[in-house]
Structure formats: C-alpha cells, structure tokens
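J.: Each chain is listed here by its residues.
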Amino acid sequence: MKVFSRERSRPGEAPTAEVPTVAQPSTVATPIVQPAKLETYGVCAWFSGRLVLEMVSLTMEPNEVTALIGPSGCGKSTYLRILNRMHELVPGAQLAGRVELDGVDIYGGGLRATESRKHIGMVFQKPNPFPAMTIEENVLAGLKFSRIKLSSHDRRLLVEEMLTKAGLWNEVKERLNELGGSLSGGQQQRLCIARALAVRPRVLLMDEPCSALDPTSTNRIEETIREIAHEVTVIIVTHNMQQAQRVSDMCAFFLAAEGQPGHVVESGPTEMMFSNPTDPRTADYVHGRFG
Amino acid sequence: MTSPLDVRDLLEAPTAANGNGAAARATGGLDGTLSHAVLTGDVRRVAPLAPPRRTRDFGAQGVALLVGSAVSSFAVVWILFYQLTLLSGAFGFGLCWYACFLAVFWVVTNQVVDRSAATDRVITTVVGSCAAVVIGALLYIVIWVFIRGVAHFTIGFLWRTLADYQPAEGTSLFNQVGVGHAIVGTLEQVGLAAAMAVPLAFLTAVFLNEVGGFGTRFVRTIVTAMSGVPSIVAGVFIYAIFIVPHTLGYSGFAAAMALFVLMLPSVTRTTEEVLRVVPGGLREASLALGASEWRTVRQVVLPTARSGLVTAVVLGVAIAAGETAPLIFTAFGANTLNANVFHGPQGALPLVLYQNIFQAQAVVQQVAFTAAFVLLVLVLILFVVARLLGRRSTKKGRLRRIVVAPFHWVKQMVSE
Amino acid sequence: MSTDTLASPAVGHAVPRPITVPNDRSKEDRIFRAVARAAGFTAFAILFLIGFFLLWRGLPALRAMGFRYFTTSGYSTLHKPYHFGALAQMYGTIVTSLVAVIFGVPVAIGTALFINEYAPIQAKRALIAMVDLGAAIPSIIFGLWALHQFQPEITGTTSWMVRHLSFIPLFSASTPPFNGSFFIAGLIVGLMIVPIVASVSREVFSLAPPGEREGALALGATKSQMIRTVVLPFGRGGIIGASMLGLGRALGETIAVYVLLGLDFVISPHILEHGGTTVASFIAAEFGAGGKLGTDDLLMLGFVLFTFTLIVNLIASLIVNRSRSGKGVEL
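Chains as they are written, first to last, in the working numbering: chain A, 7 to 297; chain B, 69 to 484; chain C, -6 to 324.
If a hint is listed, it holds; no wrong ones were tucked in.
With beta-carbon atoms standing in for the labels, derived distance ranges:
#1 357(B) with 77(A): 26 to 34 Å
#2 218(A) with 167(B): 47 to 55 Å
#3 207(B) with 176(A): 57 to 65 Å
#4 163(B) with 115(C): 25 to 33 Å
#5 248(A) with 15(C): 42 to 50 Å
#6 144(B) with 59(C): 58 to 66 Å
#7 123(B) with 199(C): 18 to 26 Å
#8 163(B) with 53(C): 47 to 55 Å
#9 142(C) with 191(A): 56 to 64 Å
#10 28(C) with 77(A): 50 to 58 Å
#11 77(A) with 208(B): 50 to 58 Å
Derived from the structure by calculation, the hints contain no laboratory data.
Just so we're clear, the structure is a prediction, and the values are computed from it rather than from any experiment.
Backbone N, C-alpha and C define an ideal beta-carbon position, used for all residues, glycine too.
Could you put together the complete structure from these sequences and hints?
T.: Here you go:
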C-alpha cells in the first residue's frame, strides 16, 4: 500500500525547485542517474552479542526522501549504517536480515562491501573531508578508489557539476586547490556531499548531516537534498522534526523501550506521520512530548 | 551513455538478474510487499529472529585462491628453483616461495575477482606477513633464550656470585656460580638512573606541553636530538667526564649517570606524547574553575595521563636494564658482590653476558645463557607490571574514552 | 560615558590599543613555570656537555693525526708512527644502518598497519604488548641469538646470493665464509629497530581521524585504499620521525654488531663479505687496548658518532615539525 503525495507543503521553497529535471544546466551530457529502490527485510543488529535493533522492514522508494526519526539510541544510525555495510566495521557488530538494492541483497555475496558502498553513498554527522587533499581531489576521491581515469577536462566538469549540486561551487570555484580542511564546517559538509555524489551513487545515506551546522548551512543542505532527490534515493537520519517535515516524503519512527532493542514503531508518508499518526507514541514524539 | 563521465556504468550497476537476491526474496520470511507497513510491537514479537549473517567478503572463494596460490607457487618454486636454492637452506627457499606466491595470488585474484580486490588482498597478505615475521622472530628469541637458559637455572643462581668462578674446572662447578652480584648491580644502577631521570623528564614534558612559551621549540628539538644519542656515546661521555680525570672511577653510580643520560630523553618524549593526547578541554575546565596552572597539571593533566606515564617510565626502566654498551666504561663489571654504588667496579646482568658471550667452553656459555634468561625474565616482569598498572588505571582514565570516541553510538546503545 | 573610543568611528580618534594582560600569576605558578623551564633546559646542558667533553678529551687523537684522521683506517696508537682514524668505522656504520633501515622500516610499518588496521580486536592487545616487549629485549640478547641461531641459518642464503647474484656488484664477494658481514649485521639491527619504529608508527596510525576513515570506506574504498588515503598521509610525519628514531638506534647500535662483525677495517661495497666494523662496536671492542692515545681515539670516535646521530636527529625533527605544522592532532 503506497500512500504518497508530492503536493506536500514546503515552507519557503522556490517553486522552480519542483521541476523534476537534473539540475545541471551547462555541463556535459550528464547521464540521468536513476535512483534505486532499497528494501530491507527483518533487519536486526547486535553489538557484542546484545540485540540493539529488531526486525526492521522498510522500503525506500526511488524519487523519495525517507527520514528516519526517533530519540537517541534507538538504532536509527545503526540501521542506516547497515544499509551500506558500514555497520560491520564496528568490532563486535553483527546483523541479520536482508538489504536489497533493486532486488540484489547487498549481504548476499554477490556484491562486495566496497561495491555496495559505491552504489550506496553516505554523508556523516561530522564533516570528514580528507584533510591532506585539495577540494578538487576530495570531490574526485571516490573515482580514484574505483580506479576510474578521467581526462582533465572531464575531471573539471565533474568537479564543477558536483560542487554545483552540493551548492558549493560559487564559494570555492576560485580555490579548488586549497586543502579541504580550510573550509568552514558547513562548506566541508557540502564538500562531503559533493564527494559522495561524484561516484554517482544510487542511494545516498545521510546521518544527521546538519546536526553540527549553523542554520544557513542547514538550509543550503536541505535545498541540496531536495534537488538531488530525483537522481538518488535519499535516506536521512534526523533529530530535527521540522527538518524531517521539510525534506522527506516518507518517514519511519524508531523507538527503543527501556532495555529493549530499537524497532520501527510506525512508518509511512511524512505528512500522515505528522498529522495523523496511528501510534500514540509517534504522536507524542513528533509533537515533542518526549525524546 | 558512453561518456567518460558515466561513472555509474563503470561501476557495474547491480542487476536484478543476480540470482542470489531474487532467490532470497522469493523464499524470504517476510512478505516482500510489506512496503511502509506499520510494524507494531506485536508483529515484532511474532517474527522469529534470524541468526546473524556473515559479512566478510573474503569467503570460501578467497580462501581457495589463497591456498591455491600458495600451493602452486610452492610447486613452481620447488621445480624451478630447487637446484638454485638447494644449498641455501629453508630461508632462501621460503623467500623465493613467498615472492612467487604474491605474484600468483595477485594474478589469480585479478582474474577471478577484480583488480582492486587483488591489490587489496596482496597488500593485506604482505602487511600480515610483516607482522608474522616480526612477532615470529621476537617469539623465537624469547623462547630460545628461555629454553637454553632454564636448563641449568637453579634458584641459587640468583644469589651466588662468580667470585670463585674457575671456568677451566668444568661443569661440575656450575652449582657454585650465580649472578647475584650482577642483579644487585643492575637494580641499583637502574633504580638510581630512574630516580634522577623520571622527575626531570616529567618536568621537561610538562614544560613542553603545558607551560610553553620561550624555549619550547628549542628544547623539543634538543630532546629529540638527545633521544638519538647512542647508548655507547652515553657511556663514553661518562667515562670522559668522570673516569678519565679520576674524579669518580669505575662505579655503579657512573653507570647510573650513563643510564640517566639515556633515559631522560626517551621518557620525556613518551611523556610528552602522552600529555598531548589529554584533551585541551580538561585543562580549560580546570582553569575556568580558578585552578592555578600547577594545580591543573598536578590534579587534572597528570592523573588523566597516568596510564601513559606509568608505561613511559617502566618502558624506560626496562630498556635501561638491558643496556650493555654504556656499562662497559662505567660499571666495568665485577665477579664479586659490590653493593656500594658509589665505589668500585660493579657487576651488571648485561655485563655478565657481554664478558662471556664469546667463550667457547660449554660451561661458560651456559653461564651466559642462564644470565640471559635471568635478564630477560627481569625485563619481562617489569614489562608485565607496567602493563597491569597501566591497564588498571586506563579503566577509569579518559585516555580510553578518547580512543573509544569514534564509536560513540555503540556506547550510547550499550549503556542504555 | 567613557566608551567613545569604541563607539565612535570619528576621524581624529585613536584606534584603541590592545591592553596588556596583567601578568598576575600566583607565586606558586611562577615557581612551577620556572622549575619546568629549568628542567627543559637541563637537556640542553647535558647535550652540550656530551659534545664538549668528548671533543675535549678526544682532541689529542685528532691532533696526532691531523685531518688524516678522517681518511685513515687503522688503530696503531701505541708506537710511532701512529696510524689510526675513523674512516672504516664511519663507512661501516653507514652501510650497516642503511641495510637496517631498508629492511627494518618497511617491515615495521607493515607490522604497525597490521596491528592497527587488520588484527582482530581480541589479538590487538597481545600484539601491541609483543611489539613493545621487543623494544625492551636487550640488544645483547639479540646478539646472543644472532650469533647462535640467526647467522648459521642465514649463511646459506648469503652464500647463495654470492653465487648467483654476484653480477650485482653489491652482492659480489671474494672468499668464504659469508658470515660476519655488514649485511647480516644490518639485518639484525633492522630487526632490533622494528619494535620502536612499529610502536611509534602504530601510535600515530591509531590517531588517524575515524571520521575520515569512514568517509573513505563509505566511498567504496578498499581497506588498503583507505589506508593509503587517510592513514598513511596522516601518519607521514610520524613515520618519518619513527624511521629517524630507528636510524639513530641503528647508527649507535653497539653490542649486536660487535658480536657479529669480524673486527677489521674493510671499506668495500660488497656487503656480503666477512669483516668490517662500526664506530660503536669498535669503541666497545677496543676499549682499553690502545693505551692513552687509543683511549683518546675512542673518545674522538664517540664524538664523531655523537655528531653524526645529532645531525640525523636534527634533520628528522625538522622534517617532523614541518609535517606536523598546521594539522595538529585535535582531540
């Protein structure tokens, strides 16, 4: 049952941003990036044998932004990290269930972790540009990992396209050869978005991307999220209810009771989750009565 | 779509044709159409928990490639190089085998998987073998010394001396010799050196990291340079300053001075590294409470870094205990007990070894091996003590929390 | 209303000057700072004294030979004409240390990477302890082991190298036995510097920012790519520092070299040939053998070695300081 409406209200948004085209006007023949459908079935997670996430089954449709909301420690970030195989990097971490990228189980042995992560990019809570690399090298870092060689012309076009997409181009076009660490926090985060987009992922995971940023940068990143939503399936973890309302089409509410593993209490269209939730706990949370 | 910018094509987008995923979905425990369904607590309880899945990419295929490469390269080396390596012993053969194995492994993995994986696995193998060689060699040394040394070891060896030592008289006299005099000497020399070096090293590190200001850069450079002073130079220096002009003569104290020169920079450097890891926020918190700088250092910075400091000191002591070169010109060595550090040549464990290492007689060699065993045990004990002390204080210390910080969400979840 | 200097940008008003923060530290703190600074400068005093006394006491040897001291090999100090110098010792020191660093540093970095990046978390503690213990194993025990176990085992391989690789000038050698060579001594010294180099580099690697590690992995980097992108650049200064530390130890390594190297004045590029000596092992071996002038010579050699290691370490600290500037570890 898919209840979905694109006519949700987005306060303060320019109407032109609604036009569902790839937002890059001037650059090369940009391939139309097709966002992928990401489904999970019965995902569970353990840390050192302790169950922290229980039976999460969600479907993230293409062309939608899904927000994962819930109080701290309810497993949202863990779930997000399971989606691109970052979870297994934590010592003692285990998981169960299936994560399917357009029907392919990323834990099924068909895709290696590195390949999964190329298709499913990630932006972290704390901006993490590579400090020893220039801004340009940062954007192209993912290509280097994939051993993709581009001509210098194409490199420049790609850097410009990605930085424009991330809303950073105008600020840094004069200083692409400066180190990534020289940017401000908000700029660094947008650089990380550009870096993640440069490998043309089909899904982009964002783990509280704005929680360390000022309102202006937050606003800019939210714009970016809406712009790229047509090219990449965006899944965002956020503590900010307004942000969830502003950027997401779908919403899943995670909750962990005292001493219990986290699970999804309710999920569905954002509008419905905020206006007319089924579960009283969801209503309490989205209206700020706890968490 | 053939534009060079089409990165996604190059990345080999996953296809639905992947049988694995499709099959899994068809037989999956949960309904595939359960899109955005409301999962209430009850549903959750009914659904059975699947066992954890393995996440390693290096599966049976990887093991097969590894073993296959190892076996085939062994065969190739055996056939091709047997003639060449015939006389070089196992060592040379192993070297050839290893080089051949890496090449085969890379080529095969490149064929079967892809280039990134091939490079990654070869690098992993190389890195792993580095560690294996190092750990293997160190274990070899330790175990070998233990086996050779423990054979003739008796408790009495710890307090007898070499005073009546007549090597020519044969093995029967082994139960009349011991290294008690050397143990006393080593303990006195190292203890004295530590008593002089540790306070000064801590103060210097505190100056470099906490006080700062005029001279910091200069002193840091000097300490770095000093840490490179070879141990024999320290010995020769003490010899030149005290013994050549006959102000002191050979003595344990001269040896302690030489060891002090060696310990000072190494303990300072480690301490400084340890202090640097103490978060600046702690200092500011203390200063903001109105604490003086001295109080801040004494009660916030040093306790926070305690485990690191203990490790720094004990490592310094353990290394000093094994130094031979600086003792040759200072303690000189003696076969009788001399407990007075300030007067007369004094024995030391490393010196017993040094003086007997080239002797051909079996009994003398056995004294050397047993002394080596005692020395190694002493160093080991110091080492284990340092580890245990360090570990106990890390449990509460903040250093550990800094290390754990990257996995804050894990802590968050586990602590709930 | 005395805020006019701040409030009004009118012409004619002086730009406010920064006030001097009063230096009102307590007596306690002033003493603390003075003591700490004095302690810091003690290191300088000691270093200066080392150089001064070695040069002073060693000067007679230099005076007896003049500048030829640095171009002569030999140790005839008892009777005229004197014939002694530092050439062969310096040559041997450099060759042995180079062999040690070439073999030791890569292995040490590999070990550090394995422990920090690859080893399972349960094994990590034990591995770190093992390597740290290696740094504490006395060099005389390395010497003992090398003499009885390592050298007999590797001599077969060096003989093989001489037989089959002698077309490379470095590996040619004339007469057996092919033990007691710079190569074997260098290997042992290389093994001896591994723990210290590995320990320091591992420490630095473990400080590599976790955010950037994850950033690289999330972009699809393999582990080795992540290491090359994040860990190694971050740890570059530390690696150089650690290597220089290792080089310093290699230059001054005395006992293990003394045990292995046949003591003669060999200056040849054939590192597999028996014989040769280094400054440090020569001092240890000839202590008390050359009379008054011989002792002076040994002290002078000590000064040469001291100067040598000092230069190496100063260069190292310059490199490390430069690479560290601007991106200090932020915790």
